[in-house]
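Protein sequences appear in the order of chains A and B. When the letters of the first sequence are read in order and numbered with our numbering, they come out as residues 1 to 106. When the letters of the second sequence are read in order and numbered with our numbering, they come out as residues 1 to 106.
It should be emphasised that the hints constitute simulated quantities derived from the structure, not laboratory data. This structure is a prediction, so every number in the text was calculated from the model and none was measured. Worth double-checking, as some hints may not be accurate.
One copy or two, either will do: identical chains are not told apart, so a pair holds if it fits within one copy or between any two.
Capping the alpha-carbon separation at 25 Å, the derived lysine to any residue pairs in SDA-like fashion look like this [claimed, not checked]: (1) 68 / 7; (2) 106 / 34; (3) 68 / 6; (4) 87 / 6; (5) 21 / 79; (6) 68 / 87; (7) 12 / 85; (8) 87 / 1; (9) 68 / 26; (10) 21 / 93; (11) 12 / 24; (12) 106 / 72; (13) 87 / 5; (14) 87 / 3; (15) 106 / 43; (16) 21 / 6; (17) 68 / 3; (18) 68 / 1; (19) 87 / 45; (20) 87 / 39; (21) 87 / 2; (22) 21 / 5; (23) 68 / 27; (24) 68 / 2; (25) 12 / 95; (26) 68 / 5.
2 protein chains.
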Amino acid sequence: MRLENLHEIQEKELFPGYHGKLFHGEQLSWAFWRVDQGSAVPEHHHLHEQMMHVISGRFEFTLDGITKICEAGDLIHIPSNQVHSGKALTDCVLMDVFSPARDDYK
Amino acid sequence: MRLENLHEIQEKELFPGYHGKLFHGEQLSWAFWRVDQGSAVPEHHHLHEQMMHVISGRFEFTLDGITKICEAGDLIHIPSNQVHSGKALTDCVLMDVFSPARDDYK
Chain A
1 MRLENLHEIQ EKELFPGYHG KLFHGEQLSW AFWRVDQGSA VPEHHHLHEQ MMHVISGRFE
61 FTLDGITKIC EAGDLIHIPS NQVHSGKALT DCVLMDVFSP ARDDYK
Chain B
1 MRLENLHEIQ EKELFPGYHG KLFHGEQLSW AFWRVDQGSA VPEHHHLHEQ MMHVISGRFE
61 FTLDGITKIC EAGDLIHIPS NQVHSGKALT DCVLMDVFSP ARDDYK
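Extracted from the complex, chain A is given alone in its bound form (with noise of 0.2 Å):
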């Protein structure tokens, strides 16, 4: 059985600002980010159809030309190639899973 502790698992700063915390599958992947105050991810789109799920703080983001201010308990779905970008307002936790799996993030 494959088991992993979050809190084992180490973090990689994988954009400046974004520390996550990987766990992998076939088709799946899941990030667990810490995400400092001020730090953007410029707009951008994959394959890979994502959700993002807002554990705490305010995150801007701009899905297609529109733009929300997300809060805690907010989940999104980001179609697969569908154009999107984002910016923490304050610290932020966040969740991401995606499908397939984020062979870039391994």
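With the hints as your guide, set chain B onto chain A.
What follows is chain B alone, placed relative to chain A:
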């Protein structure tokens, strides 16, 4: 943009004692569970690859004949079609992600 807040998603008791909030995409489903102490899911399997994450509580989990007691922070990978079962030893808060989407939970 499809944005929902977890606090506004209606909970469904999908199995006795398993109160779930579901967020579905095309190839992904995310389940947020509140599980009552003592509630068990018998052995089952499904095509969907699954990852489980324990937020709080103690959850006895069996995968392919191996049993572990899972606690806060634990992440478990459940490959497609692998037999598994579980029992909440205390009240638990769990998350599951699946690919493909759990159309049977819609």
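Hints, one by one, checked against the model:
no., hint, verdict
1, 68 / 7, "between (30 Å within a copy, 18 Å between copies)"
2, 106 / 34, "within (18 Å within a copy, 31 Å between copies)"
3, 68 / 6, "between (29 Å within a copy, 16 Å between copies)"
4, 87 / 6, "both (24 Å within a copy, 21 Å between copies)"
5, 21 / 79, "both (22 Å within a copy, 20 Å between copies)"
6, 68 / 87, "within (11 Å within a copy, 39 Å between copies)"
7, 12 / 85, "within (20 Å within a copy, 33 Å between copies)"
8, 87 / 1, "between (37 Å within a copy, 17 Å between copies)"
9, 68 / 26, "between (32 Å within a copy, 22 Å between copies)"
10, 21 / 93, "both (11 Å within a copy, 20 Å between copies)"
11, 12 / 24, "within (14 Å within a copy, 28 Å between copies)"
12, 106 / 72, "between (27 Å within a copy, 24 Å between copies)"
13, 87 / 5, "between (28 Å within a copy, 19 Å between copies)"
14, 87 / 3, "between (32 Å within a copy, 17 Å between copies)"
15, 106 / 43, "within (22 Å within a copy, 31 Å between copies)"
16, 21 / 6, "both (7 Å within a copy, 22 Å between copies)"
17, 68 / 3, "between (35 Å within a copy, 9 Å between copies)"
18, 68 / 1, "between (39 Å within a copy, 9 Å between copies)"
19, 87 / 45, "within (16 Å within a copy, 40 Å between copies)"
20, 87 / 39, "within (6 Å within a copy, 41 Å between copies)"
21, 87 / 2, "between (33 Å within a copy, 18 Å between copies)"
22, 21 / 5, "both (10 Å within a copy, 23 Å between copies)"
23, 68 / 27, "between (29 Å within a copy, 24 Å between copies)"
24, 68 / 2, "between (37 Å within a copy, 11 Å between copies)"
25, 12 / 95, "both (14 Å within a copy, 23 Å between copies)"
26, 68 / 5, "between (32 Å within a copy, 13 Å between copies)"
Figure legend: structure checked against the earlier numbered hints; every hint is met.
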